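Peer 1: Hey, can you work out the whole structure from these sequences and the hints?
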Amino acid sequence: MKGVVFTEFVEMVEKKFGHDVADKLLSIPDLESNGVFTAIGTYSHHDMFKLVAGLSELTKISVQDLFRAYGKTIFLTFTRMFPVFFKEVDDSLVFLEALENRIHAEVKKLNPDAELPTFKTTRLSDNKLQMIYISERRMSDFALGLMEGCSDYFNQNLEIQRHNLKSDGSEVKFEITRN
Amino acid sequence: MNKAQFERILARERAARKEAERIMEDKSVELYEVNVKLQSFNTSLEEKIHKRTQKMRNAMAEAESAKNAERDFLAKMSHEIRTPMNAVIGMTHLMFDTQLDSNQKELINSIHYSANLLKSLISDILDLSKIEAGAVEFEERDYNLKELLIAIQKTFSFNLKNKPVEVEIEFDDRLPKIVRGDDVIMNQILMNLVGNSAKFTEEGFIKISASLVSNYEQGSLVELQVRDTGMGIDEVSQTHIFDSFNQVDRDINLKYGGTGLGLAITKHLVELSKGQIHVKSDLGVGTTFTITIPLNNSNSQHKKILDYSDKVDLSNAGKVLLVEDNLLNQKYVGQLLDKWGLAWDLAENGAIAVERCNETTYSIILMDIQMPEMNGHEATTLIRSNQNSNANVPIIALSAFAFEHEVSKSINAGMSDHLTKPFAPVDLKKKIAEHLCILPVQASVEEVFTHHEMLDASYLESFYEGDLQCMLEMFEVFLNSISSYNENFGSAIEAENWNEVSAIAHKLKPIFAMVGLHHKQVIMISLEKEGKLDSPDLVKIKQGYQEFEDLVEELLPVLKEEVIRIKTFLK
Numbered sequence: 001m002k003g004v005v006f007t008e009f010v011e012m013v014e015k016k017f018g019h020d021v022a023d024k025l026l027s028i029p030d031l032e033s034n035g036v037f038t039a040i041g042t043y044s045h046h047d048m049f050k051l052v053a054g055l056s057e058l059t060k061i062s063v064q065d066l067f068r069a070y071g072k073t074i075f076l077t078f079t080r081m082f083p084v085f086f087k088e089v090d091d092s093l094v095f096l097e098a099l100e101n102r103i104h105a106e107v108k109k110l111n112p113d114a115e116l117p118t119f120k121t122t123r124l125s126d127n128k129l130q131m132i133y134i135s136e137r138r139m140s141d142f143a144l145g146l147m148e149g150c151s152d153y154f155n156q157n158l159e160i161q162r163h164n165l166k167s168d169g170s171e172v173k174f175e176i177t178r179n
Numbered sequence: 001m002n003k004a005q006f007e008r009i010l011a012r013e014r015a016a017r018k019e020a021e022r023i024m025e026d027k028s029v030e031l032y033e034v035n036v037k038l039q040s041f042n043t044s045l046e047e048k049i050h051k052r053t054q055k056m057r058n059a060m061a062e063a064e065s066a067k068n069a070e071r072d073f074l075a076k077m078s079h080e081i082r083t084p085m086n087a088v089i090g091m092t093h094l095m096f097d098t099q100l101d102s103n104q105k106e107l108i109n110s111i112h113y114s115a116n117l118l119k120s121l122i123s124d125i126l127d128l129s130k131i132e133a134g135a136v137e138f139e140e141r142d143y144n145l146k147e148l149l150i151a152i153q154k155t156f157s158f159n160l161k162n163k164p165v166e167v168e169i170e171f172d173d174r175l176p177k178i179v180r181g182d183d184v185i186m187n188q189i190l191m192n193l194v195g196n197s198a199k200f201t202e203e204g205f206i207k208i209s210a211s212l213v214s215n216y217e218q219g220s221l222v223e224l225q226v227r228d229t230g231m232g233i234d235e236v237s238q239t240h241i242f243d244s245f246n247q248v249d250r251d252i253n254l255k256y257g258g259t260g261l262g263l264a265i266t267k268h269l270v271e272l273s274k275g276q277i278h279v280k281s282d283l284g285v286g287t288t289f290t291i292t293i294p295l296n297n298s299n300s301q302h303k304k305i306l307d308y309s310d311k312v313d314l315s316n317a318g319k320v321l322l323v324e325d326n327l328l329n330q331k332y333v334g335q336l337l338d339k340w341g342l343a344w345d346l347a348e349n350g351a352i353a354v355e356r357c358n359e360t361t362y363s364i365i366l367m368d369i370q371m372p373e374m375n376g377h378e379a380t381t382l383i384r385s386n387q388n389s390n391a392n393v394p395i396i397a398l399s400a401f402a403f404e405h406e407v408s409k410s411i412n413a414g415m416s417d418h419l420t421k422p423f424a425p426v427d428l429k430k431k432i433a434e435h436l437c438i439l440p441v442q443a444s445v446e447e448v449f450t451h452h453e454m455l456d457a458s459y460l461e462s463f464y465e466g467d468l469q470c471m472l473e474m475f476e477v478f479l480n481s482i483s484s485y486n487e488n489f490g491s492a493i494e495a496e497n498w499n500e501v502s503a504i505a506h507k508l509k510p511i512f513a514m515v516g517l518h519h520k521q522v523i524m525i526s527l528e529k530e531g532k533l534d535s536p537d538l539v540k541i542k543q544g545y546q547e548f549e550d551l552v553e554e555l556l557p558v559l560k561e562e563v564i565r566i567k568t569f570l571k
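Line by line, the protein sequences are chains G and B.
Here the first sequence is numbered in this note's numbering, starting from 1 and rising by one per residue.
Here the second sequence is numbered in this note's numbering, starting from 1 and rising by one per residue.
Source of the hints: derived by calculation from the structure; they are not laboratory data.
Computed from a predicted model, the values in this text were never measured in an experiment.
Every residue, glycine too, gets a C-beta built ideally from N, C-alpha and C.
Just to be clear, a hint being listed does not mean it is correct.
What the hints assert, rightly or not - Looking from chain B toward chain G, a few residues come up when the C-beta cut is under 10 Å (computed): (1) Gln5; (2) Arg8; (3) Ile9; (4) Ala11; (5) Glu13; (6) Arg14; (7) Ala15; (8) Ala16; (9) Lys18; (10) Glu19; (11) Ala20; (12) Ile23; (13) Met24; (14) Lys27.
Peer 2: Spelled out as structure tokens, the structure:
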């Protein structure tokens, strides 16, 4: 998992819950990274789960909600970090539709070893998009948060319905309707 | 925040920084390695390109040499085949002169006919192969387009005298008379087209016209048309009329002969001349071939095209007797004689000629051969043998017979010379002058001295106003001084003394104009300019100097020859 996801997470925790909480999380003893992250590094996704689980324990907010909230926040960070992907796009569905072929393709070019989820995208109608999330990481909550961040960024009201295709959450269908 | 916590955070941040630095370092090493790989890939790509280019060059050289071999082969074959064919035809002519019975005569006639057919077939095939092998080159020279058309008109008027077909020409006066192009190719194109019309036209006319389409900077776009009132070509046949070995149908081949290559050759020749050819035809009405062709302006238009006829004055040569039954020929020769200021009498046949000779003394007699009542041979024999004042006058046979045995027949009958119809005015004039011992008039200086084509004659003429002595002196000055200029120039460039380069170029500028190369002054002008700049362009200067050297090298032998020629001329 890319380092930027971790550093942004730590920053969010610092802002929302304070330095003490952040320090406690980073001090969790079995983190593979020893709590040291840089944006340009790559780290195990297990660490992310440990951090989120730790935060959930400290804040009594569910892991799902935390992933979702973090997804929403980091989307806006992405729009600032990679403006090139947002140029000339003015519609959330168009952006989401192009995610797999455009953005993930570029990420792969720069980081050949990046492990990304797969999205199978089907345009159902002018204002309806179906995205099937496939990933062994089972982070569909994070994906949902990202979609909500996208909705905010384009200032469009998206209604998102989620349906697990596999009970373990490694394959999830999203039906996104633009109102 | 307590101290322990602060130290933890600090340690984490430090570790993060170090890790980031390590990753960056790794990335830059990776980048460096990729760059090196890219460079070596580039080099190998260049090598590959170089190798391929070399291969391509070799292939091109091979193709070129194969083409040359084909060209040589064609040239050789052309000679090898034509020589025995000419021998066959020549021997057949000689056999006509032997004692033959009518059966043998008929057989020899067949041989003669077939041999000629075979010869023209071979010629056509060789022509076509030559064109296709690129062995025919378009050579530019000045020629008189109008005269070329007239000559073709005459040839065919004569050939068609047995058919009620008039051959007419129409020449747009806006066209320059002297043009620059390949007259041999132009002649072949028109001969083929008019020949075609002549073959398929039984009555009416064949009209050859030349008109101006537009002018461009170096010349004119000209439309040449050959229109006939012949049998016409149907629409389907029109589409492949220019294909090789294509005749409209087999019956035509049987009836009219020919190889079916004429129009294919014509099309190739037109294309070689950068022109286009089209056909338009209506069955039973006639056919029009239209050629659009660019013809350049002659670059010596100011020069008078001098020919023999301009230099001979026949006006005091006495009276001519023209013996000719054909009205058209009477008119043609009569007009020429009028033009040259010669008085003349007409005799419509041999018998009348003999009568005239008893009455008047002529300085020369022009005698047709085939005439009603009494032919040219009989008349000549009578004039030579009778007591009359014309018994020793030169008699020139004017006949369409080109065969050697016909010529010897005329000479045996007592004629002095033979001129084959159709002939150009200058040919007749030459013959008359030759037999009357009239020499060409010494023409005036300006008219005769022609400059080498490298020099701009019109500029020289206006510059020296025809003063050849002055021109000679200037040329000699140029020859004597140019080598020292060249030396100074070279050393100034070597010393990178640009002021000096500019000064020498300035001095040389008018000197080039004085030897008729005023258009080459641009080389000097650019050198002069460049030398004055604060930071002159070395490449430009070297290039200019190279051009100057090349020009001098090319010019020196020309000028030396020119000086000798002017000196001889002035003597």
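Peer 1: Against this structure, judge whether each hint is valid.
Peer 2: Each hint, compared with the structure:
A least Cβ separation of about 5 Å between Gln5 (chain B) and chain G falls short of the 10 Å threshold, and the interface hint therefore holds. Hint on Arg8 (chain B) holds. Least Cβ distance to chain G is approximately 6 Å, under the 10 Å limit. A least Cβ separation of about 6 Å between Ile9 (chain B) and chain G falls short of the 10 Å threshold, and the interface hint therefore holds. For the restraint placing Ala11 (chain B) at the interface with chain G, the shortest Cβ-Cβ distance is roughly 9 Å, inside the 10 Å limit, so the hint holds.
Contact between Glu13 (chain B) and chain G, as hinted, is supported at the beta carbon level, the nearest pair being about 8 Å apart and thus within 10 Å. With 10 Å as the threshold, the beta carbon of Arg14 (chain B) comes within range of chain G, its nearest partner Cβ sitting at about 9 Å, so the hint holds. At about 4 Å, the closest approach between the beta carbon of Ala15 (chain B) and any beta carbon in chain G falls short of 10 Å, and the interface hint on this residue holds. The beta carbon of Ala16 (chain B) is positioned within 10 Å of a beta carbon in chain G (closest approach about 5 Å), and the interface hint is therefore held.
Taking 10 Å as the C-beta contact cut-off toward chain G, the hint placing Lys18 (chain B) at the interface holds, the least distance being around 9 Å. Of the supplied interface hints, the one on Glu19 (chain B) holds, with its beta-carbon coming within about 5 Å of a beta-carbon of chain G, less than 10 Å. Satisfaction of the interface hint for Ala20 (chain B) is found here, the shortest Cβ-Cβ separation to chain G being roughly 4 Å, below the 10 Å cut-off. The restraint placing Ile23 (chain B) at the interface with chain G holds, with a minimum CB-CB distance near 5 Å, inside the 10 Å limit.
Here the hint on Met24 (chain B) is kept, as its CB sits about 7 Å from the closest CB of chain G, short of 10 Å. Annotation: Lys27 (chain B) was flagged as interfacial toward chain G, and the flag holds, the nearest CB pair being 8 Å apart, inside 10 Å.
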